[in-house]
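Trainee: Use the sequences and the hints to build the structure in full.
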Amino acid sequence: MSLLAAHAIMLADGVRGSAYRDAIHAAVRPGDVVVDLGTGTGLLAFFACQAGARRVFAIERDASLVGLAGAVARANGCADVITFVAATSAAIELPEPADVIVTETLGHFALEEQIVHALADARARWLKPGGRIIPADVTLVVAPVDSAESARRIAFWGGERFGIDFRAARRWAADAFDAICVTPDDLLASPQPFVSVRLDTLRLPPPACWAGELAFEMRRPGHLSGLAGWFEATLVPGVQLTTAPGAPGTHWKHAVFALETPIGVEAGDRLTVALGALVDGRSVVWSWRGEVERPRRARVAFDHSTIDEVTAGRASQTAVPAATPLFEAAAAAAPHLDGTTTVGELAERLRLRFPDRYPSLARAVADVALVVRALA
329 MSLLAAHAIM LADGVRGSAY RDAIHAAVRP GDVVVDLGTG TGLLAFFACQ
379 AGARRVFAIE RDASLVGLAG AVARANGCAD VITFVAATSA AIELPEPADV
429 IVTETLGHFA LEEQIVHALA DARARWLKPG GRIIPADVTL VVAPVDSAES
479 ARRIAFWGGE RFGIDFRAAR RWAADAFDAI CVTPDDLLAS PQPFVSVRLD
529 TLRLPPPACW AGELAFEMRR PGHLSGLAGW FEATLVPGVQ LTTAPGAPGT
579 HWKHAVFALE TPIGVEAGDR LTVALGALVD GRSVVWSWRG EVERPRRARV
629 AFDHSTIDEV TAGRASQTAV PAATPLFEAA AAAAPHLDGT TTVGELAERL
679 RLRFPDRYPS LARAVADVAL VVRALA
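Counted from 1, the sequence shown has number 412 at position 84 by the working numbering; the numbering is strictly sequential.
Note that these hints are calculated values from the structure, not bench results. Check before you lean on any hint, since a few could be wrong.
DEER-style ranges, computed between Cβ atoms [unchecked claim]: (1) D465 with T411: 27 to 33 Å; (2) P358 with S518: 43 to 49 Å; (3) E488 with T668: 57 to 63 Å; (4) P623 with L339: 47 to 53 Å; (5) P623 with Q378: 54 to 60 Å.
Quantities reported herein were computed from a predicted structural model and do not represent experimental measurements. Note that beta-carbon positions come from the ideal geometry of N, C-alpha and C, so glycine has one too.
Mentor: In structure tokens, the structure reads:
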């Protein structure tokens, strides 16, 4: 799918567009300065212009989209208000602070597009005291599912293709983050919140890890094929956006954390799950492990993570690691891991040592978090 086709799907999402329009018109006051992080085709920037913003900084890393959005702005009389910037937000400075920061960098399970790191950095550097952030918060919700589509995708790797045995890939398929659409009928138990993130109060360094343990009681028999996840966001007070199964459809799908082998369950069986997310500003590593407790039957456990065998293979005895920028950052930070130096202080040291590599504190914080995680 082309980039433009992907953005056409988002523009066609009436639920998303209406919710953000309502939120922006509620939050933006005449004369405000607004920042739109990840503007894409410029829709949220145009809403801010309609709401009376004096100036809008629309930031988008893809230069071709910036050109398209600029043309649309000129056609709609917004070119004098909106300044489009082709860059990542961490790499730029703005000439004046913002009253409102808005972004729709929400993945299927909210965190994949690095909304936490982007907003923490933008809030620290650009937002006026008392300024507003859209979305204000986001909650990640989880439920066990019996999804025929998810099971089919894993089972695909269970045999031969053109005489080649691909069964070794089955585990890789189960360890991958997937996105499909699930229905309320697919749910085996009542959904539960995994974590709620207050996006409007984030500070540097942002959280690098979320973890929690959830317990579910199966409400019907079926085959536990995995866990489904979605988000519920408060854009501003009174304006909600949810991607829950059964809610009005959006362009988002549902995150699915699959099991390599589905587990047969009955009503009343209990599932305990430990779910975790490691976020470093560039990627998210998910882990999900758990156990099904079945009366009068053996317990069944599972353990999955999106850290794949390629990543693990880098630690083999014969591997020759390259002198990557992260290795250099680790070498610079390691002498100061003395139990008294904060992550923020370590990040500032990296910026002094490698100013070209770390134009923003957020990028340095992300690498420090990786180093600390690797050495812990």
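Trainee: Now look at each hint and say whether the structure bears it out.
Mentor: Here is what the structure says about each hint:
1. D465 with T411: 27 to 33 Å: holds (28 Å)
2. P358 with S518: 43 to 49 Å: Hint holds: Cβ distance 45 Å, inside 43 to 49 Å.
3. E488 with T668: 57 to 63 Å: Since the Cβ atoms of E488 and T668 sit about 58 Å apart, the hinted range of 57 to 63 Å holds.
4. P623 with L339: 47 to 53 Å: Because 51 Å falls inside the window, the suggested range holds.
5. P623 with Q378: 54 to 60 Å: holds (59 Å)
Violated hints are absent here; each numbered hint is respected by the structure.
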